[in-house]
Amino acid sequence: MKRGDKVQTPEGKGKIVEIQGGGKVAVVKVKDKTVYVRLPEEKREDDGR
Amino acid sequence: MGATISTCVEIAVEMVNASDSAAALGALSANQEFYKSGEFARLLVLADAKRAKAICMDKNNRARKTFLVGSQSGIASGAQLNAMVGEVESIQFTVTGGRWAGTQAGTPPIGQTLAAQLEELRIETRNVTANPEIAPHYVQDGGTVFHNAAGVVLGGASAVSVSATFCTFTINFSATSLQCPDEYTRSIVADALAMGFAKDGMKTAAAAYFSRLAEEQLPAEAA
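Same order as they appear, the protein sequences are chains W and Y.
My numbering numbers the first residue of the first sequence as 265 and each following residue consecutively.
My numbering numbers the first residue of the second sequence as 1222 and each following residue consecutively.
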């Protein structure tokens, strides 16, 4: 997964705004909230920045 | 919800002697031209706001709960807290999965200085060893909050969200009741009277007396 992709979080569905932790953590924006979620191993890729 | 403003106005009008002796309690005399209808209600709302701010600024004040209605959820690390009165009451981490699953209060890292705490937080956020024992930590620098939610995720949580609870206050000049709890009523009325007596610089001694009364009458607030 990469920035801009949509993911489901406990707060609802949101868009990835940043990838951290070597590709393992996605910073997801759900409306005006920010949630940090773990990316499953098979869906990880570098942030590309 | 505190005392009704109409009752407080009755007290204030009688105290400034602006009511005819034969008139109903608190009825403004038509013969006095100093105070207008509705004026004391406005002063009471101002005094109420002053007292509310003092309550919110004191984290040990039990009445602070009355105004603890502000909240901000899903705070990103490095984001600013919303406008509030007084200090943040708590920063909570809602963690899904992993060692710290559930909702708990975050705590500052052990570092003694802000710089040391931020450095510690930076290392925890990276959590290169995927240590599950990295506890939810935050550092507040002025109005900005930094936290290690990403590090908690790297330690095994599937999702982390950070929220804050704090006091807010909105003045309402159309209110029918004071917002402060009942035990502050006398202090608020005294404060309004201090402002009323000081109008046009007329009765400054009376104004000073009621101003002192407003401060002295406060109940002991320390824990």
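Some hints could be false.
Some chain W residues close to chain Y (C-beta under 10 Å, calculated; not the full set) [claimed, not checked]:
| id | residue |
| --- | --- |
| 1 | Met265 |
| 2 | Arg267 |
| 3 | Gly268 |
| 4 | Asp269 |
| 5 | Lys270 |
| 6 | Ile280 |
| 7 | Gln284 |
| 8 | Gly286 |
| 9 | Val289 |
| 10 | Lys293 |
| 11 | Lys297 |
| 12 | Thr298 |
| 13 | Tyr300 |
| 14 | Val301 |
| 15 | Glu305 |
| 16 | Glu306 |
I should point out that these hints are in silico values taken from the structure, not numbers from a laboratory.
If you're wondering where the values come from, they're calculated on a predicted model, not measured in any experiment.
Where a beta carbon is used, it is the ideal one built from N, C-alpha and C, also for glycine.
Here's how the hints hold up against the structure:
no.	hint	verdict
1	Met265	violated, 14 Å
2	Arg267	violated, 15 Å
3	Gly268	violated, 17 Å
4	Asp269	violated, 16 Å
5	Lys270	violated, 15 Å
6	Ile280	violated, 13 Å
7	Gln284	holds, 5 Å
8	Gly286	holds, 8 Å
9	Val289	holds, 5 Å
10	Lys293	holds, 8 Å
11	Lys297	holds, 2 Å
12	Thr298	holds, 4 Å
13	Tyr300	holds, 4 Å
14	Val301	holds, 5 Å
15	Glu305	violated, 12 Å
16	Glu306	violated, 15 Å
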